[in-house]
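Protein chains: 2
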Amino acid sequence: MSFKIKEEIRCAGGKLLKVMHSSKATGTSMDVNLYLPQQYYDGTAKGKIPSLYFLSGLTCTPNNASEKAFWHREADKYGFAMVFPDTSPRGPNVPTDPQGGWDFAVGAGFYVNATQPPYNTNFNMYQYVHSELPTALTEFFSSGTRPTGVGSIDFLENVSITGHSMGGFGAVAGFLKNINKYKSCSAFAPIIDPTTTPWGVKAFTGYLGEDKSAWKQYDPCELINNVPYVSGKEILIHYGTDDQWKEQYLRPENFMKLVPQSLWANHINVKMAEGFDHSYYFVSTFVPEHAEFHAKHLGLI
Amino acid sequence: MSFKIKEEIRCAGGKLLKVMHSSKATGTSMDVNLYLPQQYYDGTAKGKIPSLYFLSGLTCTPNNASEKAFWHREADKYGFAMVFPDTSPRGPNVPTDPQGGWDFAVGAGFYVNATQPPYNTNFNMYQYVHSELPTALTEFFSSGTRPTGVGSIDFLENVSITGHSMGGFGAVAGFLKNINKYKSCSAFAPIIDPTTTPWGVKAFTGYLGEDKSAWKQYDPCELINNVPYVSGKEILIHYGTDDQWKEQYLRPENFMKLVPQSLWANHINVKMAEGFDHSYYFVSTFVPEHAEFHAKHLGLI
Chain A
1 MSFKIKEEIR
11 CAGGKLLKVM
21 HSSKATGTSM
31 DVNLYLPQQY
41 YDGTAKGKIP
51 SLYFLSGLTC
61 TPNNASEKAF
71 WHREADKYGF
81 AMVFPDTSPR
91 GPNVPTDPQG
101 GWDFAVGAGF
111 YVNATQPPYN
121 TNFNMYQYVH
131 SELPTALTEF
141 FSSGTRPTGV
151 GSIDFLENVS
161 ITGHSMGGFG
171 AVAGFLKNIN
181 KYKSCSAFAP
191 IIDPTTTPWG
201 VKAFTGYLGE
211 DKSAWKQYDP
221 CELINNVPYV
231 SGKEILIHYG
241 TDDQWKEQYL
251 RPENFMKLVP
261 QSLWANHINV
271 KMAEGFDHSY
281 YFVSTFVPEH
291 AEFHAKHLGL
301 I
Chain B
1 MSFKIKEEIR
11 CAGGKLLKVM
21 HSSKATGTSM
31 DVNLYLPQQY
41 YDGTAKGKIP
51 SLYFLSGLTC
61 TPNNASEKAF
71 WHREADKYGF
81 AMVFPDTSPR
91 GPNVPTDPQG
101 GWDFAVGAGF
111 YVNATQPPYN
121 TNFNMYQYVH
131 SELPTALTEF
141 FSSGTRPTGV
151 GSIDFLENVS
161 ITGHSMGGFG
171 AVAGFLKNIN
181 KYKSCSAFAP
191 IIDPTTTPWG
201 VKAFTGYLGE
211 DKSAWKQYDP
221 CELINNVPYV
231 SGKEILIHYG
241 TDDQWKEQYL
251 RPENFMKLVP
261 QSLWANHINV
271 KMAEGFDHSY
281 YFVSTFVPEH
291 AEFHAKHLGL
301 I
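Going down the list, the sequences are from chains A and B.
The first sequence begins at 1 in the UniProt record's numbering and counts up one residue at a time.
The second sequence begins at 1 in the UniProt record's numbering and counts up one residue at a time.
Pulled out of the complex, with its shape left as it was, chain A reads as follows (with noise of 0.2 Å):
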């Protein structure tokens, strides 16, 4: 469980982080970027700094979020801390998809647990992503080769989470399947009917089966059915309304027609974002709005 340092950058008032660690949920080797805020370094925070998970989308490396989605000026005005998981499993060993497309398999492993061979030998992003990781990394901070600091991180109980399309359904999906663990839960163009639309449709097929009552365990349009609401927990999402995906791949009015009937209504707020596409010019002009939402039920204004 111990992670290697491979990079420490300093960035805004903090340092970004790439590190990487041996997983047993998929049985590879895993990349992470952290994102450890002022409050780190200068020990000013009062108390625990809490974390947000970003869950990046299709052929997205931690990487990609940590340049283009600018969280860091964020995290440091209100004092938290980010981690940016891989997409998937990578390795020699590790199975590609067989019509090739970037849409399955390496760099989009759905943040699922896969039951189907020969995918569920590594593909368990949902075991990783929700349990395994932020368990290495409360314990990566406990121990002696900690990053250099004096803050004290929270990677495991005041937490929230969010994500951008595949990621953004990795968050709602994994928020509602754990609803006592994270605080609140935002999205960016979450891929949010995953059971009618293409991506989703492949994955779910891919590494859950053709069964599709298999499915349901990751929908939101069913978790919001079933999952009782628990009081002060909200969920925000932001779509652009010229998102090149939107009407095929993300279809946000199936969910939206749910959303008031559903043990969740009014506490869901889905945002059009007025001439907004599907990139990260659209996710980093959100990102202060979803800063400001998830400091607020993490207790830090």
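Since the hints were derived computationally from the structure, they do not count as laboratory data.
It is possible that some hints are incorrect.
Restricting the straight-line Cα-Cα distance to at most 25 Å, the calculated cross-link-like pairs of lysine-lysine (PhoX-like) are [unchecked claim]: (1) 68(B) to 77(A); (2) 246(A) to 18(B); (3) 18(B) to 68(A); (4) 77(A) to 271(B); (5) 68(B) to 296(B); (6) 77(A) to 246(A); (7) 68(A) to 257(B); (8) 246(A) to 6(B); (9) 202(A) to 216(A); (10) 296(B) to 77(B); (11) 77(A) to 18(B); (12) 18(A) to 68(B); (13) 77(B) to 271(A); (14) 68(B) to 68(A); (15) 68(A) to 212(B); (16) 68(B) to 6(A); (17) 6(A) to 246(B); (18) 18(A) to 246(B).
Partial pick of chain A residues on the chain B-facing surface, computed with a CB cut under 10 Å [claimed, not checked]: (19) 9; (20) 10; (21) 12; (22) 13; (23) 15; (24) 67; (25) 68; (26) 72; (27) 213; (28) 214; (29) 280; (30) 281; (31) 285.
Now the stretches of chain B that chain A is said to cover, found in silico as 3 or more residues with beta-carbon under 8 Å [claimed, not checked]: (32) 58-71; (33) 279-290.
For each residue, glycine too, the CB sits at the ideal point set by N, CA and C.
The hints should help you fit chain B onto chain A, whose structure is shown.
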């Protein structure tokens, strides 16, 4: 001189435009990114919106800084437009580095006018950046095909310049050689002593020839002794103390030793940022300080 708008991307309060046009200086089509701030769209600017030119570093296209430097929010805050030129001409007929490197020729135009064949046909980036492009943008925004918006942008007169690494060199040299054109200059980790450091020596030899007297016209270490100080003008420079290129490729101490005895003594501020490297994590961290510096010189604050 007509521009084609390839993409118009909503970002922060304005839009990032990816445009292309035909250049006489380079004999090629040239890509340019523009950030048009909120004030271009809402008409709240008092008078013409000034612009800030950002010259990028080795291997970059206009996209690197657009995606990773985070000027957008600062441009909205003060009300200036951004111009991100490409780093060189590109195309099937543009000569490449005979050594196959990434530090000369394509992606590495160094913002000079080449005199040596075969580079002198296309590699006239000095002429392109400081003269042709500003004029072409002015014509474009005066034409019937200008980007939709209500504001008026000044690309010619109330303008400033900045850049990173090779582009930081280009900004400082271009500023000093056009001292009545730009209101202010800043640079992130500029190649400030190009006549004694490897990247500069390779570029100047290839573009300008073996005769080092031809190199002086672009050398910041010479220009600060030859260009009389103009009242009110200033240069702001940041380096990261952990910049991996600093010792061998940038050598700021050579320049800093000359400043106090130069015509520009007390008007060039070189700051060393503890622990920062050469990357866009460094650039984006100091963009707010540079934005405020330019906004002051452009009369916006």
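Discussion item. Name the hints, by number, that the structure is in violation of.
Written reply: 6, 7, 11, 15, 27, 28
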